[in-house]
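Visitor: Could you build all of it, start to finish, from the sequences and the hints given here?
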Amino acid sequence: MQKSNFKNLLIKNFQWQNFLPQFLLLFFFFLLIFYFTKNAQVNLLARNITSGFDFLGTNSGFDVQFSLIPYDGSYSFGRAYLVGLLNTLLVSFFGIIFASILGFIIGISRLSENLLLSKLSHFYVELFRNLPLILQIFFWYFVVLRNLPTTEKSLILLDFLIINVQGFYFPKFIFTNFQFIIYGIIFAILTIFLLKYYSNKMFYNSGKYLPVFKLSLFFLILFPLVFAFLGSVGLTLEQAKLIQNFGIFNYVGGVKLVPEFLALLFALSLYTSTFIAENVRAGILSISKGQKEAAKSLGFNNSLSLKLIVIPQALRVIIPPTTNQYLNLVKNSSLAAGIGYPDLTSVFAGTSLSQTGKAIEIIFIVMMTYLSISLFISLILNWYNKKIAFISK
Amino acid sequence: MKIKNLITWSRTNLFSNWYNSLISLFCIYLIIISLPPFIDWAFLSATFEGKLKTDCKTSGACWVFVKVWFEKFMYGFYPVENIWRINLSFLILIISISLSFFVKDKFKIYILFFLIFVFPIIAFVLIHGSFGMQIVESREWGGLALTFILAIFGIIFSFPLGVLLALGRRSELPIIKYFSICFIEFWRGIPLITVLFAAAVMFPLLLPADSYVDKTLRIAVGIAIFESAYIAEVVRGGLQSLPKGQYDAARSLGMGYWKMNFFIVLPQAIKTVIPGIANTFIALLKDTPLIVLVGMAEILGMINLAKANPYWLGMAVEGYVFAAAIFWVASYFLSSYSQRLEKKYSTEKK
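Residue numbers (the working numbering), protein chains in the order written: chain A, 1 to 393; chain B, 1 to 350.
Heads up, a few of these hints could be off.
Said to hold, decoys possible - Selected chain B positions facing chain A (in silico; Cβ < 7 Å):
id, residue
1, N20
2, S24
3, C27
4, I176
5, T194
6, L205
7, L207
8, A324
9, F327
10, S331
Worth flagging that the hints you see were computed from the coordinates, not collected in a lab. From the three backbone atoms N, C-alpha and C, an ideal C-beta is built for every residue, glycine too.
Guide: Quick look at the structure:
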């Protein structure tokens with residue numbers, strides 16, 4: 001068969017039966033686009049809406065309740081877009097972390113020899129996997145978080161976490177001489193690199209294996225602490241304070257997490273963790289028993305065989321579908337629109353769209369943003385897949 | 001003797017060493033703090049009888065709420081005297097699907113044909129009304145019925161498009177190939193909610209000003225196109241799993257492209273991806289409630305409406321638990337069915 005590249009098919013082997021369907025596809029595609037553009041022009045003219053992206057620079061005139069960067073109505077729509085994007089990335093970032101941790105724990109628990117634990121994890125997976133995500137978000141938001149005690153009757157856990165209907169309040173960590181901790185971390189990382197080099201060398205020379213991971217963890221904790229002590233780093237916790245204003249109690253200060261964020265985070269983490277748990281389980285099950293036995297007969301102890309034989313092979317199976325789940329999590333974070341967490345979709349495709357009426361531009365921007373995130377994650381995945389692929393002979 | 005067995009059993013499975021015992025105790029603790037209160041709330045001290053919120057005097061769930069609003073949750077604002085029409089169309093669907101389990105493989109293709117080409121027309125005529133039946137506009141459709149209508153519409157109409165896209169993606173014609181790839185990757189890269197927003201807000205701008213396309217239809221088409229990209233990827237998996245000899249054999253019999261695909265390739269490929277299609281349908285069924293965010297009177301929308309009713313304030317839990325139970329049962333049984341199919345096909349191959 002001939003190589004089916006562009007040139008061969010279009011020029012060298014020109015055939016009507018190949019040319020015609022392609023030509024028709026392109027023709028109808030451009031016809032459709034032309035038809036839509038024409039209609040859009042007429043419709044926008046009739047409604048007195050100008051097209052174009054100029055609106056991104058104008059004042060938005062609306063406020064959002066949760067933002068990582070300074071924002072109010074006097075900022076532009078472009079800034080509103082940025083606020084939404086950052087909020088999407090924030091909830092996705094923490095969602096991915098929690099979903100991964102939970103997913104790994106549940107996935108390993110499902111394979112536990114303890115019958116009760118494995119059945120319980122199975123129940124967890126089946127429970128959360130089979131419920132619509134939007135229902136879970138509604139449940140966390142309207143049933144759990146909206147029914148928390150009022151501000152005056154807040155739950156206070158260990159003087160650290162304050163829980164009420166307004167959200168969760170953590171104390172703010174205020175450091176003095178913070179740079180010394182960073183020096184400590186840098187020093188620890190340098191030491192770990194040296195250690196890794198030394199242990200590799202030792203492994204090749206004498207076959208002895210240093211517990212690099214445990215030592216690294218130890219250094220990573222020890223050095224910043226030592227440096228903090230030497231550099232006299234001070235730490236004060238700024239607790240949120242109960243303040244009465246015009247008869248209304250309110251907590252001020254600290255780090256506040258709004259219930260919309262928490263509901264979305266809980267629902268996304270629990271929902272996605274079930275899929276990750278299934279991936280982890282499948283990954284570990286994919287390692288044949290012979291691998292473990294071979295490792296044992298070569299004299300590897302349990303933790304070494306896990307670390308050098310089982311986990312690297314299991315990860316090969318676990319990581320690609322798990323990355324897809326991360327992608328789904330980012331896309332699912334758009335359900336925030338249901339409870340009013342100001343993510344990209346609800347700030348931009350919701351509020352900004354109803355303010356400006358520029359449906360085409362705004363939907364285009366939002367779709368392209370999600371598409372870029374998706375393609376970016378897929379690119380990383382493809383790169384990784386290439387890197388870990390078995391080199392077949 | 002029994003007790004001794006129980007002790008040995010629990011010693012091997014639950015308390016084999018100190019950390020397993022600790023884990024078991026923790027699990028037992030979790031069950032004790034969560035299960036009895038839930039059973040108590042949902043059944044033992046729940047109220048089933050009554051017509052008003054004030055009839056619920058116990059501390060448990062007030063199922064009266066679900067009982068009173070049941071028709072609204074199920075059918076939205078669909079006229080009560082015409083509800084039999086919705087029920088009949090779902091009955092036809094259920095009967096034709098269950099028939100496919102009993103008939104020979106030869107007749108299954110006719111059932112598939114009926115489901116894809118005939119059933120949508122029958123269902124539309126029944127639910128929307130015509131031929132002397134009272135017409136029910138689609139804005140009056142709602143509740144769980146609407147969720148199922150849109151999910152089933154989505155899966156049925158996305159199927160032909162998805163198959164074409166899957167073939168297109170494996171085509172040797174470059175423009176068709178790259179067009180299919182771009183189309184599939186575009187829809188797979190964006191969240192469904194943006195598609196719904198586009199269908200609800202943006203799409204009317206792209207049509208002539210004097211034309212009017214019903215919102216439910218716009219959303220249904222949006223869902224079908226969105227889903228076709230996922231179906232295409234599933235079908236592509238089936239096409240790839242087919243040995244190359246099948247293509248060569250068809251070619252050597254003198255079959256053209258379409259004949260080869262319709263009679264040789266697709267029947268085999270689609271059979272292997274039925275579990276995958278079932279999984280796509282389950283995912284779609286769980287995604288369809290999203291239409292509540294563009295203002296459709298879907299079951300969650302009806303629950304949100306009912307719980308905001310001044311006579312029924314504070315009933316959110318019962319409503320959500322009711323909806324959760326329905327979705328859970330549907331999704332769980334569909335997915336165990338698809339897993340069974342998967343096992344069946346994987347053994348057939350060997």
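Visitor: When the nearest CB of chain A is found for B:S24, is that gap smaller than 7 Å?
Guide: holds (5 Å)
Visitor: Would you settle whether the hint for B:T194 is holds or violated, based on the nearest Cβ-Cβ distance to chain A being less than 7 Å?
Guide: holds (5 Å)
Visitor: Does the interface hint hold: is B:I176 within less than 7 Å of chain A, judged Cβ to Cβ?
Guide: holds (6 Å)
Visitor: Using 7 Å as the Cβ threshold, decide whether B:C27 counts as touching chain A.
Guide: holds (4 Å)
Visitor: Would you check whether B:N20 satisfies its interface hint, that is, whether its CB is within less than 7 Å of any CB in chain A?
Guide: At 5 Å from the nearest chain A Cβ, B:N20 passes the 7 Å test, so the hint holds.
Visitor: Is the hint on B:L207 kept, meaning its closest Cβ partner in chain A is under 7 Å away?
Guide: It holds, given that the least Cβ distance between B:L207 and chain A is near 6 Å, below 7 Å.
Visitor: With chain A as the partner, please determine if B:S331 meets the hint condition of a C-beta pair closer than 7 Å.
Guide: holds (4 Å)
Visitor: Minimum Cβ distance from B:F327 to chain A below 7 Å?
Guide: holds (5 Å)
Visitor: The hint names B:L205 as touching chain A; please verify it with the least Cβ-Cβ distance against 7 Å.
Guide: holds (5 Å)
Visitor: The hint names B:A324 as touching chain A; please verify it with the least Cβ-Cβ distance against 7 Å.
Guide: holds (5 Å)
Checked against the numbered hints given earlier, this structure breaks none of them.
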